[in-house]
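Peer 1: Each chain, written out:
There are 4 protein chains.
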Amino acid sequence: MENYSIIDHRVYYNETDQMGRVYHSNYVVWMEKGRTEFIRDKGLSYKKLEELGVFLPVSHIEINFTKPIEYDSELKIKTILKKVTRIKVEFEYEIYDKELKTLYGTGKTTNIFMGSNGVLKRASKDLVEMIKK
Amino acid sequence: MENYSIIDHRVYYNETDQMGRVYHSNYVVWMEKGRTEFIRDKGLSYKKLEELGVFLPVSHIEINFTKPIEYDSELKIKTILKKVTRIKVEFEYEIYDKELKTLYGTGKTTNIFMGSNGVLKRASKDLVEMIKK
Amino acid sequence: MENYSIIDHRVYYNETDQMGRVYHSNYVVWMEKGRTEFIRDKGLSYKKLEELGVFLPVSHIEINFTKPIEYDSELKIKTILKKVTRIKVEFEYEIYDKELKTLYGTGKTTNIFMGSNGVLKRASKDLVEMIKK
Amino acid sequence: MENYSIIDHRVYYNETDQMGRVYHSNYVVWMEKGRTEFIRDKGLSYKKLEELGVFLPVSHIEINFTKPIEYDSELKIKTILKKVTRIKVEFEYEIYDKELKTLYGTGKTTNIFMGSNGVLKRASKDLVEMIKK
Chain A
1 MENYSIIDHR VYYNETDQMG RVYHSNYVVW MEKGRTEFIR DKGLSYKKLE
51 ELGVFLPVSH IEINFTKPIE YDSELKIKTI LKKVTRIKVE FEYEIYDKEL
101 KTLYGTGKTT NIFMGSNGVL KRASKDLVEM IKK
Chain B
1 MENYSIIDHR VYYNETDQMG RVYHSNYVVW MEKGRTEFIR DKGLSYKKLE
51 ELGVFLPVSH IEINFTKPIE YDSELKIKTI LKKVTRIKVE FEYEIYDKEL
101 KTLYGTGKTT NIFMGSNGVL KRASKDLVEM IKK
Chain C
1 MENYSIIDHR VYYNETDQMG RVYHSNYVVW MEKGRTEFIR DKGLSYKKLE
51 ELGVFLPVSH IEINFTKPIE YDSELKIKTI LKKVTRIKVE FEYEIYDKEL
101 KTLYGTGKTT NIFMGSNGVL KRASKDLVEM IKK
Chain D
1 MENYSIIDHR VYYNETDQMG RVYHSNYVVW MEKGRTEFIR DKGLSYKKLE
51 ELGVFLPVSH IEINFTKPIE YDSELKIKTI LKKVTRIKVE FEYEIYDKEL
101 KTLYGTGKTT NIFMGSNGVL KRASKDLVEM IKK
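Protein chains in written order, with the numbering used here: chain A, 1 to 133; chain B, 1 to 133; chain C, 1 to 133; chain D, 1 to 133.
Calculated from the structure, these hints are not laboratory results.
Careful: at least some of the hints might be erroneous.
Since the list can't tell identical chains apart, any single copy or any two copies may satisfy a pair.
[Claimed, not checked] Here are the computed lysine-lysine pairs in the DSS-like style, where the Cα-Cα straight-line distance is at most 27 Å:
(1) LYS48 with LYS76
(2) LYS67 with LYS47
(3) LYS101 with LYS48
(4) LYS121 with LYS67
(5) LYS33 with LYS98
(6) LYS82 with LYS108
(7) LYS78 with LYS125
(8) LYS33 with LYS47
(9) LYS78 with LYS33
(10) LYS47 with LYS76
(11) LYS125 with LYS76
(12) LYS48 with LYS98
Assemble the whole structure, with the sequences as input and the hints as a guide.
Peer 2: Structure (structure tokens):
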């Protein structure tokens, strides 16, 4: 069973640049929205995790910009869990039009488990299971 | 004696939009940079203030967009202290080209003194004097 | 009959700052989203207007930040048409929690009608009527 | 001879998030600033290139976030040319403190040459030579 979630995103003026397309740093933000909602779909939330002292900073990101995205586009962002251990979580992302037909770009992130003191901290087995299931 | 400071700013791609001009929310950020450097010119710093438990959130902002600003423009942002009390600080801003000849826009902010608990807190007289001088 | 529309917005990490609240320039973007959807509710769209050579840059903005907004908040942004003439459109904005009970802030914008050449250009009476109705 | 340029960047409030560090999408923007100034150091400018119908959209980006970056940090961003052909330009980036001692992160981008019509277009040999030299 594939383990993913899909969110909607519409492009407003603030995300465009003078080439008339979406400025590329916005993809980074969409990927964050995607994994936040993936986590929420598991009955968890980043916010609650942080209240429990579990932080998940990004340690690596990669994005391929395949086709330009225009102002006012309605997008689907698919976030796919690739791997989760007590050390880190790896997601992949696919950015589509609203019919999921045109692929505009793909991405990857690695997030590492950290405590509130900023030091790496193993996640509990329960948390890993909740994310995986 | 007028009480102001001037900073430089160059417009990169990320600040443009598909009208081929600077997207208007960026002026808000420039005004923050302007008042941060005004404070630093007084021998203070926002960062040190925060370490002392003094926060200065914005309670009001106003901006007039007079002329569009293009990609790669070199700007001067003038931050003028209008008023400082133990309750709040009021700044005005003027956004110019690098020769200070063309005025692209003007702005105003009110920032209020707050403690680290998020509750309003009077600034010390010393702090008010340091900002004023 | 009041003339308004309401959109939903959830706060993600990218909009927070180290005070643990929403950074204030984001309200500017929400207000843009609000008026874009107000226009869409009238059967128009910014995108189509631009294709017809009608641009609506912001000439003035004002925001009052009443209460801080936290990460992961679910907001309602109410956009209220105050005035539309062949020269300009004035909107007011109210930013609420999802139950529309807590008011976090208010704003105002003035947008002016412009042609694709960047010169002010009167809107057609039809367009004014469509926005008003 | 290594082929690089270095720019300065100071972190303001807008770039922080509620973890009290720089939000990761900002690195993407710094990398754009870095390569823009690299190009300018060669006596060229993105702006002039665009006026000549040469666009350079990003097709791939990668970032490693090694150490968190705090508010008010003074950074040096080093942009290193790795490869330039008539098809694309590859840069690498190193993000340091102002003494160039602490490495906060590294990145890579690929930009492809495109015409004003949005279609891939080979760069002239002269342009390639100017970037390389």
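Peer 1: Each hint needs a verdict: does it hold in this structure or not?
Peer 2: Each hint, compared with the structure:
Proximity of LYS48 to LYS76 under the C-alpha cut-off of 27 Å is found in both arrangements, the shortest distances being 26 Å within a copy and 22 Å between copies. Taking the closest pair of Cα atoms, LYS67 and LYS47 come within 27 Å of each other only across two copies (19 Å); inside a single copy the shortest separation is 33 Å, beyond that limit. When the C-alpha separation of LYS101 and LYS48 is checked against a cutoff of 27 Å, the pair qualifies only between copies, where the shortest distance is 23 Å, while the shortest distance within a copy is 35 Å. Proximity of LYS121 to LYS67 under the C-alpha cut-off of 27 Å is restricted to the inter-copy arrangement: shortest distance 15 Å between copies versus 38 Å within a copy.
In this assembly of identical chains, the alpha carbons of LYS33 and LYS98 lie at most 27 Å apart whether taken from the same copy (16 Å) or from different copies (19 Å). For the identical chains of this complex, LYS82 and LYS108 are neighbours both inside a copy (9 Å) and across copies (23 Å), given an alpha-carbon limit of 27 Å. In the homo-oligomer, the alpha carbons of LYS78 and LYS125 lie at most 27 Å apart inside one protomer (26 Å), although the nearest pairing across protomers, at 40 Å, exceeds that limit. Taking the shortest alpha-carbon separations for LYS33 and LYS47, both the intra-copy value of 13 Å and the inter-copy value of 25 Å come in at or below 27 Å.
Taking CA atoms no more than 27 Å apart as the test, LYS78 paired with LYS33 passes in both settings, with 10 Å inside one copy and 23 Å between copies. For a Cα distance limit of 27 Å, the shortest separation of LYS47 from LYS76 qualifies both inside one copy, at 23 Å, and across copies, at 20 Å. With identical chains, the CA atoms of LYS125 and LYS76 are never at most 27 Å apart, being 31 Å at best within one copy and 37 Å at best between copies. Taking identical chains as interchangeable, the C-alpha atoms of LYS48 and LYS98 lie at most 27 Å apart only when they sit on different chains, with a minimum of 19 Å there against 30 Å within one chain.
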